[in-house]
Amino acid sequence: DAGVTQSPTHLIKTRGQHVTLRCSPISGHKSVSWYQQVLGQGPQFIFQYYEKEERGRGNFPDRFSARQFPNYSSELNVNALLLGDSALYLCASSLDRGFDQDQPQHFGDGTRLSIL
Amino acid sequence: QKEVEQNSGPLSVPEGAIASLNCTYSDRGSQSFFWYRQYSGKSPELIMFIYSNGDKEDGRFTAQLNKASQYVSLLIRDSQPSDSATYLCAVNVRGGSNYKLTFGKGTLLTVNP
Numbered sequence: 002d003a004g005v006t007q008s009p010t011h012l013i014k015t016r017g018q019h020v021t022l023r024c025s026p027i028s029g030h031k032s033v034s035w036y037q038q039v040l041g042q043g044p045q046f047i048f049q050y051y052e053k054e055e056r057g058r059g060n061f062p063d064r065f066s067a068r069q070f071p072n073y074s075s076e077l078n079v080n081a082l083l084l085g086d087s088a089l090y091l092c093a094s095s096l097d098r099g100f101d102q103d104q105p106q107h108f109g110d111g112t113r114l115s116i117l
Numbered sequence: 654q655k656e657v658e659q660n661s662g663p664l665s666v667p668e669g670a671i672a673s674l675n676c677t678y679s680d681r682g683s684q685s686f687f688w689y690r691q692y693s694g695k696s697p698e699l700i701m702f703i704y705s706n707g708d709k710e711d712g713r714f715t716a717q718l719n720k721a722s723q724y725v726s727l728l729i730r731d732s733q734p735s736d737s738a739t740y741l742c743a744v745n746v747r748g749g750s751n752y753k754l755t756f757g758k759g760t761l762l763t764v765n766p
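Chains as they are written, first to last, in my numbering: chain A, 2 to 117; chain B, 654 to 766.
Chain A on its own, in the form it takes in the complex:
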């Protein structure tokens, strides 16, 4: 079975631009989360979606937004890019059944975003 897939793999943007990152969860997984990881740090939680509804939001500015589609794939959008947005963006999915939030999350390979 395919794991979590993310696209694109790498992306180079300039300050002020907008970017859309995409994620397809493992088949059967309805929960998708997004994380930002900068060098030397652990992943930082951005958003979690379950059944197309936002379940949680981390401490990120409103420039960051996301959505989940009926097929459970997801997009992360970042507007007005800043140099500090340069990072590895990770998507994870889990077999969350809605009433429990303890299921392990499985990560995709990530999108490496560089802002010039």
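Treat the hints as calculated values from the structure; they're not laboratory data.
Note that CB positions come from ideal geometry on N, CA and C, so glycine has one too.
Keep in mind that the hints are not guaranteed to be accurate.
[As the list claims (entries may be wrong)] To list a few chain A residues with every Cβ distance to chain B over 12 Å, as calculated:
hint	residue
1	L12
2	T21
3	G29
4	P62
5	R68
6	N72
7	G85
8	L89
9	S95
10	D103
11	P105
[Stated by the list, open to error] Partial selection, computed: residues in chain B whose CB lies under 10 Å from chain A:
hint	residue
12	S661
13	L699
14	F702
15	F714
16	K720
17	Y724
18	S726
19	L728
20	R730
21	C742
22	N751
23	Y752
24	K758
[What the hints assert, rightly or not] Keeping only pairs whose Cα atoms sit at most 27 Å apart, straight-line, the calculated DSSO-like set for lysine-lysine is:
hint	chain 1	residue 1	chain 2	residue 2
25	B	K720	B	K709
26	A	K31	B	K695
27	B	K695	A	K14
On the provided structure of chain A, position chain B as indicated by the hints.
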């Protein structure tokens, strides 16, 4: 106090030795705990999860949880050079009615041949 804390290392052990990685967390309500391995330039890979106090073993890996002390650890027996990676501790931390998976900064492990 940070929500999840780990020693950043590096932790260096000889091949065949036991590597011990430690993690503390601040939210007493946390119920689920995870260890991920991350090779340089790669994404995190789940290696263990534990929900109950005590030990959980899977092959060469043992996760240990002590909720009273808010402490979780990972032991790697018979360490191999291929185990050299950053090990991330992750804890489900309550935020309102929902939980968010919160990571430590990771511990860099080097296994020397």
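Structure-based check of all given hints:
no.	hint	verdict
1	L12	holds (16 Å)
2	T21	holds (19 Å)
3	G29	holds (16 Å)
4	P62	holds (17 Å)
5	R68	holds (17 Å)
6	N72	holds (22 Å)
7	G85	holds (18 Å)
8	L89	violated (8 Å)
9	S95	violated (9 Å)
10	D103	violated (4 Å)
11	P105	violated (5 Å)
12	S661	holds (8 Å)
13	L699	holds (5 Å)
14	F702	holds (5 Å)
15	F714	violated (14 Å)
16	K720	violated (14 Å)
17	Y724	violated (18 Å)
18	S726	violated (17 Å)
19	L728	violated (19 Å)
20	R730	violated (22 Å)
21	C742	holds (8 Å)
22	N751	holds (4 Å)
23	Y752	holds (5 Å)
24	K758	holds (5 Å)
25	B:K720 to B:K709	holds (14 Å)
26	A:K31 to B:K695	holds (24 Å)
27	B:K695 to A:K14	holds (21 Å)
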